[in-house]
Amino acid sequence: MDPEIPTTIYADAERFVQIVNNVLSNALKYTETGGILFKLSCLKQPNDLYRFSFQISDTGVGIPPEAKDTIFDSFSQMKLDHKRQFGGIGLGLTIVKHVVHLFGGTITIESEPNKGTDVFIDLTVKSIAKERNVKASKTSNETPIHILVVEDNKMNQMVMRKILSTFPKVSFAVASNGQEAIDALKKDVYDMVLMDLQMPIMDGYEATRIIRSGELGKAINTIPIIAVTADAMQETKKRVCDLGMNDYMTKPISRDLLYKKIYACKFEEKGGDDDQDKSLKIA
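Per UniProt numbering, the sequence shown starts with residue 1, numbered consecutively.
Among these hints, one or two may not hold up.
[To be verified] Simulated restraints on C-beta separations:
#: 1; residue 1: Ile-201; residue 2: Lys-115; range: 50 to 58 Å
#: 2; residue 1: Thr-143; residue 2: Gln-198; range: 25 to 33 Å
#: 3; residue 1: Lys-154; residue 2: Asp-122; range: 23 to 31 Å
#: 4; residue 1: Thr-108; residue 2: Glu-206; range: 38 to 46 Å
#: 5; residue 1: Thr-106; residue 2: Val-189; range: 43 to 51 Å
#: 6; residue 1: Lys-115; residue 2: Ala-219; range: 35 to 43 Å
#: 7; residue 1: Cys-241; residue 2: Gly-35; range: 18 to 26 Å
#: 8; residue 1: Lys-68; residue 2: Leu-40; range: 19 to 27 Å
#: 9; residue 1: Lys-68; residue 2: Thr-124; range: 23 to 31 Å
#: 10; residue 1: Lys-126; residue 2: Phe-267; range: 18 to 26 Å
#: 11; residue 1: Lys-126; residue 2: Gln-55; range: 17 to 25 Å
#: 12; residue 1: Lys-44; residue 2: Thr-143; range: 18 to 26 Å
#: 13; residue 1: Asn-114; residue 2: Asp-48; range: 40 to 48 Å
#: 14; residue 1: Lys-218; residue 2: Thr-108; range: 53 to 61 Å
[Unchecked claim] Below, a list of computed lysine to aspartate or glutamate pairs in the DMTMM-like style, where the Cα atoms sit at most 25 Å apart:
#: 15; residue 1: Lys-218; residue 2: Glu-180
#: 16; residue 1: Lys-260; residue 2: Glu-215
#: 17; residue 1: Lys-68; residue 2: Asp-12
#: 18; residue 1: Lys-68; residue 2: Asp-152
#: 19; residue 1: Lys-218; residue 2: Asp-231
Calculated from the structure, these hints are not laboratory results.
Note that this is a predicted model, so its numbers are computed, not measured.
Think of the CB as a built atom: it goes at the ideal place given N, C-alpha and C, for glycine as much as any other residue.
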């Protein structure tokens with residue numbers, strides 16, 4: 001990524017992440033072989049403004065020429081054989097175009113059948129001049145923490161890897177569902193679990209129940225667990241607390257808030273409110 005990108009911008013974090021997630025999800029869905037390129041650059045403009053330019057390129061099935069004019073149509077689908085193999089494009093690009101326009105930005109697509117697709121997105125956002133720094137105690141900065149991330153969505157896994165890799169003394173492993181998490185906890189020693197709730201095979205609720213039941217041993221049943229979910233309902237928050245999870249936060253993930261909650265759980269301090277404000281941290 002461009003080194004000129006500001007650390008913190010003022011934007012609707014949920015919508016901003018939604019744009020990137022939807023385009024990358026389409027690229028992942030339609031690319032069986034080859035690769036996917038994600039490039040982000042920015043150009044500083046007057047009045048603390050930055051123009052963000054995204055490029056998402058894949059080597060997937062591409063878009064037929066006759067479909068380019070309707071690709072943003074809510075009911076547009078790829079041709080039948082691709083639909084059967086991958087599922088339809090659905091509302092992904094329709095939503096992206098709508099949200100990009102809400103930002104006052106532009107989106108263009110270049111594609112060739114069987115060669116791949118390039119998506120270009122330009123957005124203008126405002127940086128926050130005085131960035132809010134997260135402060136950790138000397139003890140927490142010097143104490144290694146080994147975290148198990150339990151998340152089935154590949155895009156969310158990528159985001160979590162990117163964020164956690166910026167934290168001092170933090171190592172981590174990733175499990176794609178609750179059963180994989182249980183297996184991982186049997187094989188390795190972890191200091192904490194970041195648990196998604198809705199997953200295939202075994203969800204986060206059942207995995208937490210097993211952990212807290214003592215089935216995996218006394219050394220594991222007290223491990224700190226933070227729920228990380230897109231579900232912001234109060235009923236969900238109450239349910240995870242009743243199951244014995246230590247804390248709760250909603251997606252999209254704020255880097256600063258995650259940092260605070262991890263070290264709060266590790267060193268038994270108050271984790272703070274799950275405040276999803278308008279500032280988006282580019283970590």
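Right, here's what the structure says about each hint:
no.: 1; hint: Ile-201 with Lys-115: 50 to 58 Å; in the structure: violated (35 Å)
no.: 2; hint: Thr-143 with Gln-198: 25 to 33 Å; in the structure: holds (32 Å)
no.: 3; hint: Lys-154 with Asp-122: 23 to 31 Å; in the structure: holds (26 Å)
no.: 4; hint: Thr-108 with Glu-206: 38 to 46 Å; in the structure: holds (44 Å)
no.: 5; hint: Thr-106 with Val-189: 43 to 51 Å; in the structure: holds (49 Å)
no.: 6; hint: Lys-115 with Ala-219: 35 to 43 Å; in the structure: violated (53 Å)
no.: 7; hint: Cys-241 with Gly-35: 18 to 26 Å; in the structure: violated (42 Å)
no.: 8; hint: Lys-68 with Leu-40: 19 to 27 Å; in the structure: holds (24 Å)
no.: 9; hint: Lys-68 with Thr-124: 23 to 31 Å; in the structure: holds (26 Å)
no.: 10; hint: Lys-126 with Phe-267: 18 to 26 Å; in the structure: violated (35 Å)
no.: 11; hint: Lys-126 with Gln-55: 17 to 25 Å; in the structure: holds (22 Å)
no.: 12; hint: Lys-44 with Thr-143: 18 to 26 Å; in the structure: violated (38 Å)
no.: 13; hint: Asn-114 with Asp-48: 40 to 48 Å; in the structure: holds (44 Å)
no.: 14; hint: Lys-218 with Thr-108: 53 to 61 Å; in the structure: holds (58 Å)
no.: 15; hint: Lys-218 with Glu-180; in the structure: holds (19 Å)
no.: 16; hint: Lys-260 with Glu-215; in the structure: violated (30 Å)
no.: 17; hint: Lys-68 with Asp-12; in the structure: violated (29 Å)
no.: 18; hint: Lys-68 with Asp-152; in the structure: violated (31 Å)
no.: 19; hint: Lys-218 with Asp-231; in the structure: violated (30 Å)
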